[in-house]
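Student: Taking the hints into account, I'd like the entire structure generated from these sequences.
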Amino acid sequence: MHLKPVPDPEPTAVAGQEPSIAELERRATILRINCVRMLAVAKSGHLDSSLSAADIVAALYYRELRHDPANPGWRDRDRFVLSKGHAAPIQYAALAEHGYFPRQDLMGLRKIGQQLQGHPDMTRTPGVEVSTGSLGQGLSMCVGICLGLRLDGFDDTVQVFGVLSDGDCQEGETWEGAAAAAHYRVPNLTAIVDYNHLQTDGTTEEVMDTGDVRAKFEAFGWDSVEIDGHDMGAIVEALQRSRTVRKPAAIVCQTKKGRGVSFMEDRFGFHGKPPSQEQAEEALEELEATLTEQEETLKAAGGEGGDGGSED
Amino acid sequence: MEAKTEPIATRHAYGDALVALGEAHEEVVALDADLAVSTQSMKFGKKFPERFFNCGAAEANMMSMACGLAATGKVPYASTFAIFATGRAYDQVRLGIAHNELKVRIGASHGGVSLGEDGASHQMIEDIALMRVMPRMQVVVPADYNQAYRATIDSYEQIEGPLYLRFGRPSTPIVYEEIPDSLGDGVDVLREGRDISIFACGHMVHRALDAADVLASEDGVEAEVVNVATIKPLATEAVVDSLAKTGVGVTAEEHRVAGGLADAIREAAAEQHPVPIFALGMGDEFGISGTGEACMEHFGLTAPGIADRAREALLLKPIVSHPPIHGGRSA
Chain A
1 MHLKPVPDPE PTAVAGQEPS IAELERRATI LRINCVRMLA VAKSGHLDSS
51 LSAADIVAAL YYRELRHDPA NPGWRDRDRF VLSKGHAAPI QYAALAEHGY
101 FPRQDLMGLR KIGQQLQGHP DMTRTPGVEV STGSLGQGLS MCVGICLGLR
151 LDGFDDTVQV FGVLSDGDCQ EGETWEGAAA AAHYRVPNLT AIVDYNHLQT
201 DGTTEEVMDT GDVRAKFEAF GWDSVEIDGH DMGAIVEALQ RSRTVRKPAA
251 IVCQTKKGRG VSFMEDRFGF HGKPPSQEQA EEALEELEAT LTEQEETLKA
301 AGGEGGDGGS ED
Chain B
1 MEAKTEPIAT RHAYGDALVA LGEAHEEVVA LDADLAVSTQ SMKFGKKFPE
51 RFFNCGAAEA NMMSMACGLA ATGKVPYAST FAIFATGRAY DQVRLGIAHN
101 ELKVRIGASH GGVSLGEDGA SHQMIEDIAL MRVMPRMQVV VPADYNQAYR
151 ATIDSYEQIE GPLYLRFGRP STPIVYEEIP DSLGDGVDVL REGRDISIFA
201 CGHMVHRALD AADVLASEDG VEAEVVNVAT IKPLATEAVV DSLAKTGVGV
251 TAEEHRVAGG LADAIREAAA EQHPVPIFAL GMGDEFGISG TGEACMEHFG
301 LTAPGIADRA REALLLKPIV SHPPIHGGRS A
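Taken in order, these protein sequences are the chains called A and B.
Residue 197 in our numbering sits at position 197 of the first sequence, with consecutive numbering throughout.
Residue 106 in our numbering sits at position 106 of the second sequence, with consecutive numbering throughout.
It cannot be assumed that every hint is accurate.
Claimed, not checked - Sample of chain B residues facing chain A (criterion: CB under 8 angstroms; computed from the structure):
#1 Pro-49
#2 Arg-51
#3 Phe-53
#4 Cys-55
#5 Met-65
#6 Cys-67
#7 Thr-72
#8 Val-75
#9 Gly-87
#10 Asp-91
#11 Leu-95
#12 Gly-96
#13 Gly-119
#14 Ser-121
#15 His-122
To be verified - DEER-style ranges, computed between Cβ atoms:
#16 Arg-191/B to Arg-185/A: 53 to 63 angstroms
#17 Arg-136/B to Gly-221/A: 31 to 41 angstroms
#18 Asp-118/B to Gly-153/A: 57 to 67 angstroms
Keep in mind that the hints were calculated from the coordinates and are not lab data.
Predicted model only: the values in this text are computed from it and were never measured.
Where a beta carbon is used, it is the ideal one built from N, C-alpha and C, also for glycine.
Tutor: Here it is in structure tokens:
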């Protein structure tokens, strides 16, 4: 069983060139592989919730976020808040891949004495802006960050990205935060909803229907769009657009929980359950095949970053 | 700021000190949840509108916003009634503020039953317990305007980490003739005595001083009155020193006895100098509508109530006293 972090077969990016859509898709697969390995070792955690957000997180960390892993406290950095803190593994994978901490630290997930807590912890992990894990708080925290940036004169340049789950959208506080963002007209907030329609006790439709989340944000006075949360081109386009609208922007991403692993994808019953050894092996086999395929496509297209501009 | 001499509510000190802090430090920001006139944060809001954020009736959001603001280096003062600051927004205060060790100040007004007419739904009698039990949260309950002013100023300039400040609604007599130079360790002996220690906080401090007068004139008992403004972290040495001198204690608070000042004092005493300590406060019960003063009387939170409790405690006072053991573990 492959339990070590996947070696990085390619340079992170060609200098001066944004990673292409195909390259971002490859990155998302690497993040997914890392998640499966972390969870297989930790024997605890939320794998399917991490996988559904992998494309969003890859688009952010590899293309959209302005950040400096060597200087996590860089004043002008964009801020990333994982309101759905239970998907911490996907953020940890992205942080490790960028060198915020050594990749081998990923294998310490949820282990005593290690830095990677079950949910993001700003007091322990570089790159984590605020601690999350209690659903509903992240969006309000983002609004506070936006207002702090406004007082410092950074609200034109620094974007705050919050990733929410459908569970977040069941919490009342999220809508308190949505109202506050609109009331204070924060221009630099992007809320990305990873709407995978599956929660601990069943589908959102069965448990507590979250309904038309895009329309809800719009009704709260936000710019609000809905996209396929696994269409990398659409994600990148929506993220870039959200920077340009001068009010809070919601991107409701229709996603599939467990995306990338067939036996888990869009299937109920995996929330908060780590994969068994057999399941982890099966998942890794599929994801590694996907990775190989993506790398061949990239090679055929002329190498990393080769189609950078064409799909924008 | 001039020291006050006439009775005035401690929440006014919060508002006045907040303005002074705003003038001195541009990192200071304030939030409220549609109670800015009541909590007095509106004074700051009028003076510094760009640094004041009214969150409407949405306390959970306010506390998480305070977390976000603190994450950008601001020092947020978030105020509302004690009931909403601690009860409604407990989880937001816990994860976003206390866990993260952020310099956020929760300025909670209308603590206790003395807010009066609004009744049980608004009379918060568990807030000290909730904030005391929360890891990393500090708890300060000033006794009068002058101490409340100092506590609010010190909350920026002297105290790091998360802090809960409890203020009250009604005008309350002045205990400190001047604005103290410092909150210090938050435990002040206001009247020395050898027979019994009365530990009080907030609105019960002036009542404790009155009770000491009654005990002296009617019983010939010399009571030591100790104002415990900083309930957490508790200056246990000062508490234990008083108990070592008197050998018996009474606590007085406008709050549930469980988890409040009484338990804080008893914890320190149990480890370092176990002597009888009787508590006066709210029992296993909720508040009730009435004027603030009527509510205090209804629950026996009065000077005669403290004196009676002291008399009961004195009956159990040990004849032989032992030296205290300093250095017990603080909760």
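Student: For each hint, tell me whether it holds in the structure or not.
Tutor: Against the structure, the hints come out as follows:
For Pro-49/B, the shortest C-beta to C-beta distance to chain A is roughly 12 angstroms, which exceeds 8 angstroms, and the interface hint is violated. Taking 8 angstroms as the C-beta contact cut-off toward chain A, the hint placing Arg-51/B at the interface holds, the least distance being around 7 angstroms. The beta carbon of Phe-53/B is positioned within 8 angstroms of a beta carbon in chain A (closest approach about 6 angstroms), and the interface hint is therefore held. Look at Cys-55/B: its Cβ gets to within about 6 angstroms of chain A, closer than 8 angstroms, so that hint holds up.
The criterion of a C-beta within 8 angstroms of any C-beta in chain A is met by Met-65/B, whose closest approach is roughly 4 angstroms, and the hint holds. Because the beta carbon of Cys-67/B sits about 5 angstroms from the nearest beta carbon in chain A, less than 8 angstroms, this interface hint is met. At about 3 angstroms, the closest approach between the beta carbon of Thr-72/B and any beta carbon in chain A falls short of 8 angstroms, and the interface hint on this residue holds. Violation of the interface hint for Val-75/B is found here, the shortest Cβ-Cβ separation to chain A being roughly 11 angstroms, above the 8 angstroms cut-off.
Residue-level restraint check for Gly-87/B is violated (minimum Cβ-Cβ distance to chain A is 15 angstroms; threshold 8 angstroms). The interface hint given for Asp-91/B holds, since its Cβ lies 5 angstroms from the closest Cβ of chain A, which is under the 8 angstroms cut-off. Proximity of Leu-95/B to chain A holds as hinted, the smallest CB-CB distance being about 5 angstroms (cut-off 8 angstroms). Nearest Cβ of chain A to the Cβ of Gly-96/B: about 6 angstroms, under the 8 angstroms cut. The hint holds.
Below 8 angstroms, beta-carbon pairs count as interface contacts, and Gly-119/B has none with chain A, the closest being about 25 angstroms; its hint is therefore violated. Interface restraint check for Ser-121/B: the shortest CB-CB distance to chain A comes to about 19 angstroms, outside 8 angstroms, so the restraint is violated. Of the supplied interface hints, the one on His-122/B is violated, with its beta-carbon coming no nearer than about 20 angstroms to a beta-carbon of chain A, more than 8 angstroms. Taking the beta carbon of each, Arg-191/B and Arg-185/A are about 55 angstroms apart, inside 53 to 63 angstroms as hinted.
Take Arg-136/B and Gly-221/A: their Cβ atoms lie about 36 angstroms apart, and the range 31 to 41 angstroms holds. A hinted range of 57 to 67 angstroms is violated for the C-beta pair Asp-118/B and Gly-153/A, which are about 42 angstroms apart.
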